[in-house]
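With the hints as a guide, bring the two chains together.
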Amino acid sequence: MAPALLWLTGLMVVPCSLILALAFFRRGIYGGIEYSITLENFGLVVDPLYAGIFLHSARIAGTATLLAVVVGYAGAYAIAALPRRWQTVTLFFAVLPFWSNYLVRTYAWIVLLNREGLIAHALQWLGYRGEAPPMLYTEGAVVVGLLYNYLPFVILACYAPLSRLSPELNEASRDLGGSAWTTFRRITLPLTLPGIAAGAVFVFVLSIGNFVTPALLGGGRFQMIGNVVYAQFLTANDWPFGAALSMVLIAIMMALLLLQAAASDRVAGRGPVREADHA
Amino acid sequence: MMKFDRKAARSGRRTAGSLATGLFAIALWAAPATAADLVVSNWDGYMAPDAVETFAAGNGLDAELVFHATNEEIMGKLIASGGKGYDVVFVSSPFAEVLHNLGLSAAIDPAKVPNLANLYPEAMKLPHDPGNTFSVPYAWGTTGLCYRSDLVADAPSSWNDLLQPSDDLKGKTTMLATDRWLLAAGFLANGLSVNETDPAKLEKVKNDLIEAKRSLLAYDDTTFYAKLVSGEAELVQAWDGWCNYGIAENGDIAYVIPEEGSDLWVDTMVVMEASEHKDAAYAFINYILDGANHAWAAENILYKVPNKVAMESLSEELIAQFPNMGMAPADLLAYEQMRDVGEAQRAYARTVSEIKAAQ
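Chains as they are written, first to last, in my numbering: chain A, 4 to 282; chain B, 21 to 379.
It cannot be assumed that every hint is accurate.
[What the hints assert, rightly or not] In the DMTMM-like style, the derived pairs of lysine to aspartate or glutamate whose C-alpha atoms are separated by at most 25 Å in a straight line are:
| hint | chain 1 | residue 1 | chain 2 | residue 2 |
| --- | --- | --- | --- | --- |
| 1 | B | Lys226 | A | Glu142 |
| 2 | B | Lys298 | B | Asp70 |
| 3 | B | Lys104 | B | Glu296 |
| 4 | B | Lys190 | B | Asp170 |
| 5 | B | Lys132 | B | Glu374 |
| 6 | B | Lys233 | B | Glu73 |
| 7 | B | Lys226 | A | Asp50 |
| 8 | B | Lys221 | B | Glu231 |
| 9 | B | Lys226 | B | Glu363 |
| 10 | B | Lys224 | B | Glu363 |
| 11 | B | Lys104 | A | Glu37 |
| 12 | B | Lys132 | B | Glu142 |
| 13 | B | Lys221 | B | Asp188 |
| 14 | B | Lys145 | B | Glu216 |
| 15 | B | Lys104 | B | Glu142 |
| 16 | B | Lys145 | B | Glu296 |
| 17 | B | Lys233 | B | Glu280 |
| 18 | B | Lys226 | B | Glu269 |
| 19 | B | Lys233 | A | Glu119 |
| 20 | B | Lys221 | B | Glu363 |
| 21 | B | Lys132 | B | Glu73 |
| 22 | B | Lys224 | A | Glu37 |
| 23 | B | Lys221 | A | Glu134 |
| 24 | B | Lys233 | A | Glu142 |
| 25 | B | Lys190 | A | Glu142 |
| 26 | B | Lys226 | A | Glu43 |
| 27 | B | Lys190 | A | Glu119 |
| 28 | B | Lys132 | B | Glu296 |
| 29 | B | Lys224 | B | Asp187 |
| 30 | B | Lys233 | A | Asp50 |
| 31 | B | Lys190 | A | Glu134 |
| 32 | B | Lys145 | B | Asp310 |
| 33 | B | Lys221 | B | Glu356 |
| 34 | B | Lys233 | A | Glu43 |
Hints are computed from structural coordinates only; laboratory data are not their basis.
What you are looking at is a predicted structure, and each value in this text was computed from that prediction instead of being measured.
Looking at chain B on its own, in the form it has when it is part of the complex (with noise of 0.2 Å):
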């Protein structure tokens, strides 16, 4: 799932990057100049680097790309500016959600998208905007268990492998730092919903994870891959395009997703109700939707992408070496998507708090 910037990922300086541009985000709170005809926001890396120019060459626009590093930092400038400023920006569908509850997206008009017809049937009926009326899925995948295949004795297939992982392992293991990855590994081993907002199951997923922590190496939402390289981890929460980004330094790294399954994260492109340039946007989105700029995506930053014309061209050798690459969208479909929780995001937040100030 994307969090921070991609390019700094492969060098494994992602925490820093991200600390500094959450400063730098607060510090400099103004929305970029509205004079272009196009501001799509995007992360770092997280597409063709001249997509935005070439698209924008080619219909005779000036168009502006900007970086954010979260999404809670784009949230926050879209929520404090009613979203003008911007026309594309993209966000994971529970922010998408909440631009959608907000009344800040703008309806996607499937006329204008005519490349919509490139992704799968299945991408058309993900549960947070069926038919995607507000918001058009980029990438999506799953977050599972990343580990050396050369290093443990037993290659792991459950939740509870890493939440209570053999002696070999202790000290071994690292989680996601973000409060739903980390929370969602409690609730898939516990069989509930990723979802889940119940104070009393909440309670026994902190107390598991509290458990977990004993065992833990470290916290890590960016550099969890290198240390698998390293040797320093030997398994890993791993979101299954960054495990590529380790499989790609070292084939003996695997990927798997735990038998209580994962979650289905997709990370979407909403059209801002306040812009001012929708057919700009929406041509933009069309151009992204094209098989081979789409297939970009896939085939630099390892990711799915719901684009059936890109996924087939992809080749044979890659999806040989990074198979979590080659997952049918039908497999996908069937892990829950994580929603908005609303109000229960704060006790999500509280909960996370109490797992890592317990000693």
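Bound conformation, chain A alone (with noise of 0.2 Å):
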């Protein structure tokens, strides 16, 4: 216990508490820091400009996040349908890009995506005429270059519930008359639901959050709040300013998460189901 309290203190509690102290003082007419109390930052927050990145982020993040579950979901489930020995095997190259940087896989995006790259040249070669259609630096690239990043979140959550759903379910469902359609949504949706609301508050957090994406798939033409950070403690030189956004953010992603828990230990306690799966 107690080398968790102290890399908890240490590393989340600490550095926490210097960032939300630093969003009560003002910028200093260099861009230091002035050590008088204010409130102004957080004002600064709910300023239509700002709530306003707030929620075109939230809503890119929305987009990301529900692309992720229908394909992560659907994904999970066609592995854990697998054989045993199969799921091991095809689990590991749905997560393998995973391990590598998470700039280069965003750089390849660029790659695949703009004018000259190479989907508009299999586009021509195909005889598609006339020049692509923009697709790199738009939204929708941000959003795909979210989705490809966290998918594997998703699925590795939406997997764990679904290969220990008991057959038997099934079965017994099928037995009394369910449909499949009826037997997925009454019993493996349900019981899959933890996975699916964990994968998808990963998904959600990090995306809303999220600056290299929008900076480079969206070529600084979307502005999401953690690009508004960046730019307040890295060009503004704004940081209490800065501070006050990143506290609403965190604010924001422990809420979800927290949601989330209790969520969770709502279906964990509902006691029939998970003895059934047990028995």
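And the structure:
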């Protein structure tokens, strides 16, 4: 317990407290910190400009999350349906890209999507005449980048409950006259919901704070809240405001994680199903 | 204008590096060890890799070279530490001004830097620091338009060719992402000062730049010349030295200063007031100002240096290949220098956020 507590204090509580404290000071005229207490940084967060950027970030992250859940769940379902020995292999390949550098994976999309890129050339080769539609530096490219990078989280989170699902539950449902769809909807889906929720929260939390993907695949034309935080610390030199923005971001993430934890507790607490599972 | 590390620039992986370095800088908030006799902080690749080492060996010193990825990064450290732990720092002139205003920079002692005599007379008259009392210019240049002469129908001549491009250029232009230069394009197109702070004029420029965004491929500080080389972009806002990286790879790439003008950017060397090795610091600046040493920057980084001896030593072929290297100092001085705008920097940052958030 003690090492964990030390780790948590040293690497989480202390740095976060420092950032929180910073948020209550002012930016000095030359970009330093003026140690007089103010709430104006938090006032700015709800300013339509920045609140709008928060909402826009949430929309982009939400789209990526939705797609990741659909694709990731389908992938996990397909993997779980394979014979045991194939599951490990497919799972390995599904998460393999995850072991390469995030930036490398993101740059790969630039190579694919840019106007002189592989996809544009492939289209021409296939007989497409005229210029390829813009693919890179669009909101779609940002969503694709986030989806691709965070998909393994959903696959892993959904695979765990899917692979543990007792086949007898399915058989029981079918014996009692449930169609495949009804069985999925009333048995499989509810039992794997905690996995979906965990994967979704991971993707959303990582996406909404992301600043690399919008900078590279969005060409800076789309600003997510992470980019604003980055700019406050590294170009505007307005640390207090950057700190206030990141505290709000952290608060959103914490709220989502707590919600997810509470929800999965509730599902776990639904006793009978779980017990049936173990029986 | 120096923004990130130069070596990576050529491979076009600049943004990634700077993003990573930026994060690292925040995570590792440490001043360098101060055991060395001389600590120099510069952008990676902005001077000969062995410059500090050679200088130190020649003077029996134990010197240390550290890198910063951006002006803002080193400024954060200097302001936080009161300048302790550094002797010579390379920063752009508006930041040198801030160091001076904060009392963090030391006076340059001309007696200890005799090679100041190698500088062009114009380099002693820079508006941010006439007489080079607290900063010594290291490199200077302009910001203009870099384009593919073989792909654009008409050679660009105005900032409006970028802000309101012809139909065939729509979606094939980029602008710099950094606040000051993005706004400067709008200021200059409107005949305003690059240091304009009047809210009404800022509003007008903001609307112009939002309009320009509709035809923009991307904001790009780091790979714009690579986009020109690949043909992904045909006309980009560029620092002259960076346009040269494109020219080096494709002879059809050309650089032009629009008729409305440019800013004059200057990167400088500053000695810290808190330095305990000021004599070594002056000696190092003197070493850099040596004609041969300073010429290294011009030849390898393709930036103009304000050193008459160094520039006169450049080969004619180099100037022929990169015509903007041959620009006369008097012509450079005709452009307005970017200055520190103090509190208005906040309005700049907000304006740029508004531009980038606009749909």
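### Query
Hint numbers the structure violates, sorted upward?
5, 6, 13, 15, 16, 18, 22, 23, 34
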